[in-house]
Amino acid sequence: MVFARQRKQADTKNRKQKNWYLTIGIVLTACMLIFITVGFFWTPYKPSALSAADREAAPSLRHLFGCDQMGRDVFSRTLEGAGSTLTIALAVLAVGAVCGLVIGALCGYYGGRLDALIMRLCDAVAAFPSVLLALVVLAVTGPGKYNVIGALGVLFIPSFARLVRGEFLKYRDRDFVQSARLMGVGDLRIIFVHILPNIWPVLLSGLTIGFNNAVLAEASMSYLGIGVSPTEPSLGYMLKDAQGVFFTLPWCTAFPAAVAILLILGMGMVGEGIRERMGVAS
Amino acid sequence: MADSMAEPIVHIRDLNSWYGRGKDRKQVLRGVSLDLAPGEALGIVGESGSGKSTLAKCVLGMVTDITGELAVNSPRPQMVFQDPYGSLNPAKKVGWILEEPLRAAGVKDREERRRRVAKFLSLVGLEEGHLGRRPAQLSGGQRQRVAIAAALIQGSRLIVLDEPVSALDVTLQAQILRLLADLKEELGLSYLFISHDLAVVYQLCGRVAVMTGGEIVEEGDVDEIYDHPKHPYTKKLLEASLTLD
Ligand SMILES: Nc1ncnc2c1ncn2[C@@H]1O[C@H](COP(=O)(O)OP(=O)(O)O)[C@@H](O)[C@H]1O
Ligand SMILES: [Mg+2]
Numbered sequence: 165m166v167f168a169r170q171r172k173q174a175d176t177k178n179r180k181q182k183n184w185y186l187t188i189g190i191v192l193t194a195c196m197l198i199f200i201t202v203g204f205f206w207t208p209y210k211p212s213a214l215s216a217a218d219r220e221a222a223p224s225l226r227h228l229f230g231c232d233q234m235g236r237d238v239f240s241r242t243l244e245g246a247g248s249t250l251t252i253a254l255a256v257l258a259v260g261a262v263c264g265l266v267i268g269a270l271c272g273y274y275g276g277r278l279d280a281l282i283m284r285l286c287d288a289v290a291a292f293p294s295v296l297l298a299l300v301v302l303a304v305t306g307p308g309k310y311n312v313i314g315a316l317g318v319l320f321i322p323s324f325a326r327l328v329r330g331e332f333l334k335y336r337d338r339d340f341v342q343s344a345r346l347m348g349v350g351d352l353r354i355i356f357v358h359i360l361p362n363i364w365p366v367l368l369s370g371l372t373i374g375f376n377n378a379v380l381a382e383a384s385m386s387y388l389g390i391g392v393s394p395t396e397p398s399l400g401y402m403l404k405d406a407q408g409v410f411f412t413l414p415w416c417t418a419f420p421a422a423v424a425i426l427l428i429l430g431m432g433m434v435g436e437g438i439r440e441r442m443g444v445a446s
Numbered sequence: 314m315a316d317s318m319a320e321p322i323v324h325i326r327d328l329n330s331w332y333g334r335g336k337d338r339k340q341v342l343r344g345v346s347l348d349l350a351p352g353e354a355l356g357i358v359g360e361s362g363s364g365k366s367t368l369a370k371c372v373l374g375m376v377t378d379i380t381g382e383l384a385v386n387s388p389r390p391q392m393v394f395q396d397p398y399g400s401l402n403p404a405k406k407v408g409w410i411l412e413e414p415l416r417a418a419g420v421k422d423r424e425e426r427r428r429r430v431a432k433f434l435s436l437v438g439l440e441e442g443h444l445g446r447r448p449a450q451l452s453g454g455q456r457q458r459v460a461i462a463a464a465l466i467q468g469s470r471l472i473v474l475d476e477p478v479s480a481l482d483v484t485l486q487a488q489i490l491r492l493l494a495d496l497k498e499e500l501g502l503s504y505l506f507i508s509h510d511l512a513v514v515y516q517l518c519g520r521v522a523v524m525t526g527g528e529i530v531e532e533g534d535v536d537e538i539y540d541h542p543k544h545p546y547t548k549k550l551l552e553a554s555l556t557l558d
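Going down the list, the protein sequences come from chains A and B.
Going by this note's numbering, the first residue of the first sequence is number 165, and it counts up by one from there.
Going by this note's numbering, the first residue of the second sequence is number 314, and it counts up by one from there.
One or more of the hints may lead you astray.
Said to hold, decoys possible - Straight-line C-alpha distance at most 30 Å; calculated DSS-like pairs for lysine-lysine:
hint : chain 1 : residue 1 : chain 2 : residue 2
1    : B       : Lys-421   : B       : Lys-497
2    : B       : Lys-405   : B       : Lys-432
3    : B       : Lys-336   : B       : Lys-432
4    : B       : Lys-497   : B       : Lys-339
5    : B       : Lys-336   : A       : Lys-334
6    : A       : Lys-404   : A       : Lys-309
7    : B       : Lys-405   : A       : Lys-334
8    : B       : Lys-406   : B       : Lys-432
9    : B       : Lys-432   : B       : Lys-421
10   : A       : Lys-334   : B       : Lys-406
11   : A       : Lys-334   : B       : Lys-497
Calculated from the structure, these hints are not laboratory results.
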């Protein structure tokens, strides 16, 4: 009795903490999205505008995040950079998740030799760090936004495929699936209408991890100088740009880095919140 | 009662079945023979692992590694599973779950589907209010009623029930068994009713086949087998069922 009550208390306490994860994550992510969306339409200064007078200016009311060595407003550039980073991360995610979903669903549901072969292939791709492989791909295709998206997107497929496949493996022999087969429901409908809605939470949490990996991968690539072009700098590109003034103009590094970290943190907390809520449910 | 003139809805002779392939290929059913007449409820009893579910799957065409004669004279026979948690899609609402068999059967008109759903919902003793709920929001008994409605709604005449009340407590068992008996009369259904519990079979079925080790060792009228079991295994099963009650 006492034990039962204690357990119940612990349970509700845990659930509250979990909800906090999700709540803070969602709020943080929403703030970042608003921040970035504003940047698509308005920046206090033109991000590429040079102002000789404001060269190396420290953060102030006029320039919230200060200026760089060429007198460009870091706040405006961060807004634009975050937008570029978000767009690329979402596009990478779309390519990786959609292809991974379809491949993983078909492999998990049908199984067999083709499934074994495809999973072997996925293992091979996943064995290398994706940034390294993307470097190789971009060495062939050349840099640029769309090449980055394509290369990273393809490299993100295996992890999604594996995640989705595992879930479909779990569901394909459940009674409700067999029952649907007996009723004459077609395979594709069973896969995408009967089974898929059951794995949304898992998929969603996978998407948050994927999003963060995409942000990091894009940043690393830009940092290595093979990512997006200088005309549409991402957060990673800004960090690389500020390397030389890391100690003299710390705000050039600190603010873009902080925005990237908050973006990742928010998404990470959303994912964690979803995972722990699923843990309670099951 | 089996009518020797009517064509059986299920006809099985010397059925053998296997699971697995190559070295792992294992025989489960051994020379099973039985007939199920239209409108009849045939019970299959036996302990866990005796091959009852395998027999059900053979009838439904879900096990394909078989030899012998197997004829099912009913379009799209349906199954009611033991665990209504597993047999209803947890992500869908009851209304969707009941409409889906109709969509699969090509009933395009939405109003027509709604009408039929409403009809079967009341047949199994549920209300409109249940349509908007998910399986997790229903009790075990309500869930099994939904599963029964879903199995019936395509108009199938042959229903295979694999331990449909084994997961329920005794009061609910009695309710569901009564419902199944009523539905059988009203819709002219044939049941292949599987259970490990002779007492449950006794309440619903006219005839019973006793299974062990993949073989049918005794078959006949329920009363006859209840009062004068011949095979030692049947006697053992009967004793077990009586001590439980
Ligand atoms: N999918 C399967 N693959 C391999 N063996 C199985 C499978 N399903 C059941 N069996 C085996 O077949 C035998 C009969 O099982 P089953 O028909 O489920 O018995 P029952 O329903 O009477 O408990 C058991 O020994 C079981 O281990
Ligand atoms: Mg069984």
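Unmet hints by their number, sorted upward, for this structure: Numbers 3, 4 and 11, in rising order.
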